[in-house]
Amino acid sequence: MKYTVNDHGYYGKFGGAFIPEMLHPNVEELRISYLSIIESPQFKKDFDYLLKNYVGRPTPLFLAERLSEKYKAKIYLKREDLCHTGAHKINNTIGQILLAKKLGKKKIIAETGAGQHGVATATVCALMGMECIVYMGQLDMERQRPNVERMRILGTKVVAATSGNMTLKDATNEAMRHWINNPTDTHYIIGSVVGPHPYPDMVARFQSVISDEIKTQLTAQEGNPFPDYVIACVGGGSNAAGAYYHFLDDEHVKLIGVEAAGKGVDTGESAATTALGKVGILHGSKSLLMQTEDGQVIEPYSISAGLDYPGIGPLHSHLFDTGRVQFISATDDEAMNAGIELSRLEGIIPAIESAHAVAVLGKLSLDEDDVVIVNLSGRGDKDLETYIRWGKY
Amino acid sequence: MKNRINALFESKAQNVLSVYFTAGFPALGDTVRIAKSLEEAGADIIEIGIPFSDPVADGPVIQQSNKVALDNGMNVKLLLQQVKEIRQQVKLPIILMGYLNPVLQYGVEKFCKDAAAAGVDGLILPDLPLYEFETEYKTTFDTNGLTNVFLISPTTSENRIRQIDTATNSFIYAVSSSSTTGAKNEFSQEQADYFKYLKHLKLKNPFLIGFGISNQSTFAQACSYSSGAIIGSAFIRLLADSKDLSGDIKKFIASLRG
Numbered sequence: 001m002k003y004t005v006n007d008h009g010y011y012g013k014f015g016g017a018f019i020p021e022m023l024h025p026n027v028e029e030l031r032i033s034y035l036s037i038i039e040s041p042q043f044k045k046d047f048d049y050l051l052k053n054y055v056g057r058p059t060p061l062f063l064a065e066r067l068s069e070k071y072k073a074k075i076y077l078k079r080e081d082l083c084h085t086g087a088h089k090i091n092n093t094i095g096q097i098l099l100a101k102k103l104g105k106k107k108i109i110a111e112t113g114a115g116q117h118g119v120a121t122a123t124v125c126a127l128m129g130m131e132c133i134v135y136m137g138q139l140d141m142e143r144q145r146p147n148v149e150r151m152r153i154l155g156t157k158v159v160a161a162t163s164g165n166m167t168l169k170d171a172t173n174e175a176m177r178h179w180i181n182n183p184t185d186t187h188y189i190i191g192s193v194v195g196p197h198p199y200p201d202m203v204a205r206f207q208s209v210i211s212d213e214i215k216t217q218l219t220a221q222e223g224n225p226f227p228d229y230v231i232a233c234v235g236g237g238s239n240a241a242g243a244y245y246h247f248l249d250d251e252h253v254k255l256i257g258v259e260a261a262g263k264g265v266d267t268g269e270s271a272a273t274t275a276l277g278k279v280g281i282l283h284g285s286k287s288l289l290m291q292t293e294d295g296q297v298i299e300p301y302s303i304s305a306g307l308d309y310p311g312i313g314p315l316h317s318h319l320f321d322t323g324r325v326q327f328i329s330a331t332d333d334e335a336m337n338a339g340i341e342l343s344r345l346e347g348i349i350p351a352i353e354s355a356h357a358v359a360v361l362g363k364l365s366l367d368e369d370d371v372v373i374v375n376l377s378g379r380g381d382k383d384l385e386t387y388i389r390w391g392k393y
Numbered sequence: 001m002k003n004r005i006n007a008l009f010e011s012k013a014q015n016v017l018s019v020y021f022t023a024g025f026p027a028l029g030d031t032v033r034i035a036k037s038l039e040e041a042g043a044d045i046i047e048i049g050i051p052f053s054d055p056v057a058d059g060p061v062i063q064q065s066n067k068v069a070l071d072n073g074m075n076v077k078l079l080l081q082q083v084k085e086i087r088q089q090v091k092l093p094i095i096l097m098g099y100l101n102p103v104l105q106y107g108v109e110k111f112c113k114d115a116a117a118a119g120v121d122g123l124i125l126p127d128l129p130l131y132e133f134e135t136e137y138k139t140t141f142d143t144n145g146l147t148n149v150f151l152i153s154p155t156t157s158e159n160r161i162r163q164i165d166t167a168t169n170s171f172i173y174a175v176s177s178s179s180t181t182g183a184k185n186e187f188s189q190e191q192a193d194y195f196k197y198l199k200h201l202k203l204k205n206p207f208l209i210g211f212g213i214s215n216q217s218t219f220a221q222a223c224s225y226s227s228g229a230i231i232g233s234a235f236i237r238l239l240a241d242s243k244d245l246s247g248d249i250k251k252f253i254a255s256l257r258g
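Protein chains in written order, with my numbering: chain A, 1 to 393; chain B, 1 to 258.
Incorrect hints may have been included.
Claimed, not checked - Chain B regions said to be covered by chain A (calculated; three or more residues, Cβ under 8 Å):
1) 26 to 40
2) 128 to 139
3) 169 to 181
4) 185 to 191
What the hints assert, rightly or not - Subject to a maximum C-alpha distance of 30 Å in a straight line, what follows is the list of computed DSSO-like cross-link-like pairs (lysine-lysine):
5) B:Lys251 with B:Lys138
6) B:Lys77 with A:Lys13
7) B:Lys196 with B:Lys36
8) B:Lys110 with A:Lys278
These aren't lab readings, by the way, just hints derived from the structure by calculation. Every residue, glycine too, gets a C-beta built ideally from N, C-alpha and C.
Produce the entire structure from the sequences given, and follow the hints as far as they go.
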């Protein structure tokens, strides 16, 4: 229980709900009701039904034999890339749309960076017949054109965020502003374990299905629910939170978080928040944040659009602070090479975000009988352009 | 010494005009001149914005002024130096308005101490909610004689308004609609009803109405229900286009007062 959130939304010294008063009623409504709703039998039944029959869960836990041979350990891939829409993001959007319906909300808003969360939100809104607006940085819209069109095909209105550097951080600002302007009939589906309490805890719970399944699958395949390592990439940290969740109190399971080093942690073009960030407040919670000495938020950089967020969720800051999770980083080059390697060895082209997790296998001192889980959070279809531009294959 | 904000409300219960502008906008050195002009023009409270990279409660006009100010090189340290300079020439209450993160990085205690020493009377930090204020910040604010101004909006429950009223010792900032900052030309009937409701709550603190005040008619209407009003975006727009800051500020304030 050391790593669970308290009543005011704190994980240790991180978290809270630092929101303008205009958002207080919405966030308070969620805070008061989220646990009783998501733990109700009817909600669980609906959520499990959709995860199974719509998302395609459980996702396989695949023993990657050639990868295992190369890194001299028993490496399993948790295949979140096989979820409907191509990434783990939909676990959360299914949960939140059911919650939004229960709260009687009529409209949905979301932010998106690479577009995966936007697509996952547009998808569940189509499924539930709800009106949806997704904010996306104008620069990201240009970089991720296919995802913009996917959202539009699904009936979602994509609105360009034109403030700041026009990426994920700015899209999040615009979504929060929209919510301030439309407080009563709208639910904001945040895509990661960030934002004011109760979002980080709520999103972690919806994603916790990942580690829940890993335990069951490992028991069947290894006769033991506990791996030696769980490795996941961390942007805001939702796939990592889900992959760690049911192992947090099992301290013998080593948890590894992989951040995007970009062109190198010290190059000024990086998104390695635990290495470069200080305690700060952005988007409603206190967490580690990349910022100037004067407290202005720094625009991060990574080749992977899903990892270039200047902060991490408060849970992850706490896990870093307590040493429960070891954070390491992988550069653009390391991640791209790992993406190509996984494609060649296992026939799986990973999302570049997830390739960061694969990239650190060589950096850990693994034993031959170590059981290692790599959370393969998304598939690489959306990143073909980046792979093609990279060219080294 | 008595806080200047409390002294103001003791002597003036009606038509209080508080004017917001962003420090370091339009030019880095304009902060002092704008503050002086506001006093000469007859404003009652000066609200100086601490620019931030991610002002989520603000509409496009104030966002843009924040960006320009940061590009001009404004930071908290320089801002406090400018306030000190303003205080040598200006007697009006000064409130700093900004987001929590730059204050946090400066150091909350050091910030409160330096702000009070520079002549600041109060703070408005929209992303510092009541719970966090009371558990972590209140003592430091009180020790330094700084008053904290909370926002309420049309969706704030009566119970919450009463809690905020209890925690307040100056005035309450009543946001006129569920929105980010921005000027509007008139208030709706719904807004008028909201102001009337606030008036009937008979709070212990006076309240000023902000967001959407742009001209004489919105200012007068706001004042008819409250102790006064706060103007921000419309003033920033004026500054952005002005060729003669002090002349334009005088004309603008005169036109608001009618």
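Hints violated by the structure (listed by number, smallest first): Numbers 1, 4, 5, 7, in rising order.
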